[in-house]
Amino acid sequence: MAPATWPVTSAVRRVKAGFARLLRVLLTLLSHYRRHPLQTMFLLTGLVTGVALWSAVQVINAHARASYAEADQVLGAQASHWVRARQGQGISVDDYVQLRRQGWRSVYPILEQRLTTAEQGVISLIATDLLVLPADAATGDSGLAEGGWLQLATPPFEVWLPETLAQQLGVESGERLQLSSGRELPPARLFSREQQGLRAFMDIGAALTVLDQSRLSYLVVAELTVEDEARLNADLAELNPDLALVANQQRLDLNELTQSLHTQLSAMSLLSFAVGLFIVFNAVRFALTSRRHTLTTLRELGVSQRLLLAAIALETLVMSLVGTAGGLALGYGLSLLLLPSVAATLQNLYGAVLDHNLLLQPQTLIQAWLLTLAGLLLALAWPLWRLARQSIQSQRDEPADWQQDARARRRLLGFSMILAVLAVLLYFRLNSIVMGFTVLALILFAGAGLLPWSVALVLQGIQRVLPASAWRLNWACGDGLAQLGTLRTALMALLLALTANFGVDSLVDSFRTSLSDWLQQRLAADLFVQSDTLDIDALLAEPGDWLVESHRRNGLTVRWQDRPTQIRGLNTETSDTRALPLAAESDRASDWFDGAPDVIFANEQARYLAGIELGDRVQLPVEGQTVSFEVVGFYHDYGNPTYQFYLPHERVEALWSTAGEQGLGLWLSDDADALARAEAALTRAGARPGDWTRRDDVLAISLRVFDRTFAMTAAINALTFTVAGIALLASLLAIHQQRLPSYAHWRSMGVSGPEWLLIVGLPLGIGLLVTWLLSIPLGTLLAGLLIYDLNVLSFGWTMPLIWRFEPALTLFWLTLAVAGFTFAISALQVRLRLPQALKHLGEDAA
Amino acid sequence: MRGSLPIVAWLSAVALVSPVLAESDSDAGSALDIMRASGEGYRTALPGQPIGFPQDHLAHPDYRIEWWYLTANLIDTEGQPYGVHWTLFRTALRPVDSVVGWWRSNQMWMAHSAVHTPTGHHYEERFARGGIGQAGVGLAEAGQFNAWLDDWQLLGTSDAPVPGHLSTTVNGLAIELDWQADQPWVLHGDNGFSQKSGQGQGSYYYSQPRLQITGELTIDGTAVPVSGEGWLDREWSSQPLARDQQGWDWFSLQFDDGTSLMAFHLRQKDAEPYVRGTWIDADGQSRSLNEGDLVIEPLEWGEVVVDPGEGTRKSLPLRWRIELPSQNARWTVRARQADSWLATLVPYWEGPVRVEGSSGGVGYLEMTGY
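If you're matching them up, the sequences are chains A and B in order. With this note's numbering as the guide, the letters of the first sequence map in order to residues 3 to 848. With this note's numbering as the guide, the letters of the second sequence map in order to residues 157 to 526.
Calculated directly from the structure, the hints in this document are not laboratory data. For each residue, glycine too, the CB sits at the ideal point set by N, CA and C.
So these bits of chain A aren't anywhere near chain B, every CB distance computed over 12 Å: (1) M437; (2) R466; (3) A687; (4) P743; (5) P802.
Footprint (simulated), chain A over chain B, 3 or more residues, beta carbon under 8 Å: (6) 288-300; (7) 303-316.
Taking the hints into account, I'd like the entire structure generated from these sequences.
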């Protein structure tokens with residue numbers, strides 16, 4: 003026995019001893035963070051904020067995708083098919099009841115409406131009959147017990163609003179929302195059902211009663227077997243040939259349509275992560291400088307290189323875990339804040355419904371940790387490892403900081419040039435969103451690499467032109483150059499944030515201007531009518547000098563290139579069609595206006611996303627066959643995620659018997675009472691209040707939807723800027739902490755407070771100014787890339803870049819405020835600590 | 157047994173009104189609290205109002221609750237026993253001055269369809285709102301009595317539900333039954349006013365206790381011809397329960413000698429059960445059974461699965477003693493299948509029973525409030 007246990011025991015002992023040594027080295031390394039809580043705080047702040055922004059977007063993206071996967075459900079019940087009226091006129095209650103009485107129990111009614119509040123807010127309303135909603139297969143719960151059905155379905159009824167929506171609308175529990183039609187919704191209750199999203203929910207009976215409607219929007223059909231599908235088709239044909247059974251392909255469509263948006267969000271979140279990493283770099287540099295002696299001492303004490311490496315690896319692991327945990331916690335909180343605006347975007351653009359319960363998925367946790375670890379390895383492990391490898395002697399002979407810094411600046415400049423060349427090379431091969439964002443990242447980092455060199459150049463230039471008598475300014479510039487190594491990371495982070503802000507601001511600005519101009523042009527009529535009860539023929543037949551012109555559109559949705567595609571029939575004679583602005587047109591464009599049967603206009607989405615060009619022929623499905631058209635023009639169609647084609651009204655009517663009314667535009671005379679008379683005529687012809695909207699209201703509502711959609715972009719921008727602000731504060735605090743002994747020396751040499759401010763503050767001011775100046779061309783480049791390339795690749799929308807100086811100026815003031823604030827804090831710290839430092843100085847001297 | 161129906165109907169209305177009650181551990185008990193509430197705003201069931209046909213076969217929307225209730229003990233060609241129960245409940249959700257239609261209707265409908273086969277118990281529950289034609293009771297185009305919810309339908313051949321036809325399903329199992337009867341309708345209690353407590357609460361209640369039924373069940377695509385006897389109940393009220401009543405046990409028994417018995421046993425807090433019934437001779441002559449005429453006692457309790465998924469069980473009286481001392485008659489009533497629990501929005505036990513004693517027979521038992 004004994005001989006056998008010997009080696010085992012000794013091996014165990016060796017492992018134990020090795021582990022104990024490793025632990026001691028690790029504790030020695032980590033003790034640094036205990037002694038320098040501020041550095042620890044900033045290192046963790048960098049990690050946590052970077053991970054937080056990234057993970058917030060990841061959580062939202064994952065959540066959105068999970069919601070698309072539920073697009074085969076409506077309000078918690080299966081929805082494998084829809085029953086829709088072919089011409090979009092809705093479904094009669096009698097037809098619905100008849101289907102139920104024929105035994106189609108998996109069919110349930112939906113009313114969906116966009117309502118405008120008296121204050122021009124837009125809400126989507128969805129209503130169903132909870133009594134017939136198929137029970138949840140798992141729980142047997144049809145939702146009846148949820149929330150109190152009786153209050154919902156009996157007068158005065160209730161409208162259930164998710165809290166976020168209620169907040170947006172400024173509605174409290176129990177309050178009634180006024181609609182632009184003069185109607186009032188029932189008392190609000192802050193409550194939300196499964197898959198309600200940012201929509202208002204009502205009992206269908208209550209909704210039809212309150213909105214004075216008689217028809218259902220569509221019927222949802224839960225699971226159908228193949229035989230059932232055939233049987234239901236037959237029953238529908240017999241019941242009402244206008245009704246069609248349509249497979250629910252929303253799940254696929256949504257995934258495809260929203261892909262670009264999610265890629266964009268991811269890219270923005272990665273930028274935030276990168277800005278966060280700059281803070282980490284910064285903190286690591288200070289940690290490194292402070293620990294240079296510790297590492298050398300450890301080596302001198304005989305700690306092997308391998309053990310030191312293992313300890314560094316462990317430190318990285320610990321940091322990554324702490325950073326990930328904190329980042330995810332903060333990120334989850336952030337995602338809760340960002341979700342409403344992302345949900346609004348997805349609902350406005352794609353009609354996707356997002357639920358409110360956010361889930362933190364295991365893969366997000368793992369991805370966040372891996373990303374943090376990778377970032378840390380870059381920021382923390384590599385420099386430490388390099389340091390650990392250096393021979394003990396060479397560490398003692400470390401060259402002066404400023405020499406090293408000048409070398410680093412040159413290296414960064416070289417690196418930046420390489421990135422710029424790569425960006426240019428890649429730009430000419432640009433054909434995907436991911437590639438576009440890679441170019442964008444290359445440009446941003448090339449710009450960041452250029453910054454320290456530019457700041458040094460400016461400082462040196464100033465030094466050169468200053469007379470020798472301006473010794474204080476000379477000192478300031480010299481000191482600035484000396485501190486640049488410490489400050490440069492924070493400045494680079496700030497540059498990224500400023501560039502992103504300016505670029506995205508310019509994009510949103512350009513988009514808003516283009517959209518507004520486009521809407522002004524396209525919304526030419528005075529009144530827009532969308533009604534399923536209006537008898538248009540009767541309205542137009544009625545003589546009335548209130549009416550100058552009318553435009554009646556028809557259309558339908560077909561599938562083309564495996565995506566939902568709209569076909570719209572326009573009256574070629576009306577003034578708005580005659581003035582239709584085309585983004586591109588061929589020689590045959592005029593044939594379209596003359597009613598040629600084989601030519602078609604397509605929206606830009608079809609051009610850039612489906613890849614058709616002028617002169618190409620498109621094959622559109624026409625009742626079992628296809629008809630071929632030559633594309634002779636492209637028109638802008640902002641905000642529409644689907645492909646769309648324009649044909650003359652009569653052509654659509656002749657080709658598709660299922661085409662339905664798609665709204666009516668009315669131009670009113672200048673008479674003072676024209677509007678009142680138009681409204682009276684509309685009412686006489688069967689339209690109901692709320693069925694028509696005035697031009698100004700449509701404009702205001704569209705722009706409001708736009709602003710809500712882009713609120714998220716602004717939020718992410720603001721957060722990135724905050725992270726950069728934190729980086730700046732961290733740098734300034736660290737610089738001042740390190741330099742306290744120097745400041746004490748200066749003070750003892752008789753440097754006054756204002757002189758100190760000049761020497762320390764002026765180079766910082768110059769650095770910030772150069773950063774801001776550099777962010778303007780870089781931001782413009784970014785905006786150009788986003789507008790001319792990424793937007794086209796993602797959404798198929800083109801627009802001109804509208805450059806304005808105001809956003810840059812706003813950012814200047816903002817930077818000044820952030821810098822002033824952080825500088826004030828750090829200066830205050832110096833003021834508080836200086837007496838102590840002076841005391842130390844005295845002690846040292848003694 | 158229809159007596160338990162008021163509970164079911166009431167409970168359903170209550171559960172819809174209050175999510176708290178629906179989630180409560182003791183649904184029935186909590187719901188009974190609400191059942192004791194007055195039927196203020198609705199018409200009150202009072203003695204002395206004559207029942208008339210065919211109009212009283214139709215709905216009485218100004219009363220709070222009402223039901224059309226069919227049970228049947230059937231056998232197939234090999235003598236294997238089957239049980240069918242089908243109920244249509246009507247509930248008024250709030251009192252209204254006049255009946256309103258379309259989506260504004262204050263009426264709600266609920267239906268239960270259940271079947272006992274030799275191998276198991278299956279049931280299904282459906283809801284529909286009134287006013288839009290998805291459910292209701294009225295006269296069909298040809299003037300026949302018609303009670304329906306979706307494609308479930310009880311259709312008379314005339315303006316009365318007897319003779320009639322039931323077409324229903326239970327989770328894909330199809331049931332088609334035809335019936336007729338030789339006996340007249342039986343008015344319970346005081347000419348159709350059936351008192352349910354010493355404090356005067358009651359309902360209008362009449363039955364057809366001897367339906368001769370033939371029909372077909374389609375189980376897993378196989379048609380099973382069946383025949384046997386059924387019982388059809390009609391009842392409506394606005395406030396059937398007194399404050400101290402906890403739940404009830406209801407019997408509809410058809411003896412081999414052609415006589416029948418309806419009996420209910422209302423369990424009361426701090427008091428003896430309120431027991432009443434109706435004796436029906438083979439020729440259809442009926443006699444009300446009042447206090448002292450009738451003895452009903454549980455004999456044996458057994459475990460019943462109430463949630464197959466969770467394996468939850470409840471203890472219920474599955475064997476009963478019923479006595480008519482004046483007739484010197486005594487029977488033992490035994491549940492044919494213990495597992496007859498309906499875990500519906502408002503849960504209860506309902507199933508076929510076998511009768512032994514002074515004469516043999518079959519019937520249905522319903523137990524609520526456990």
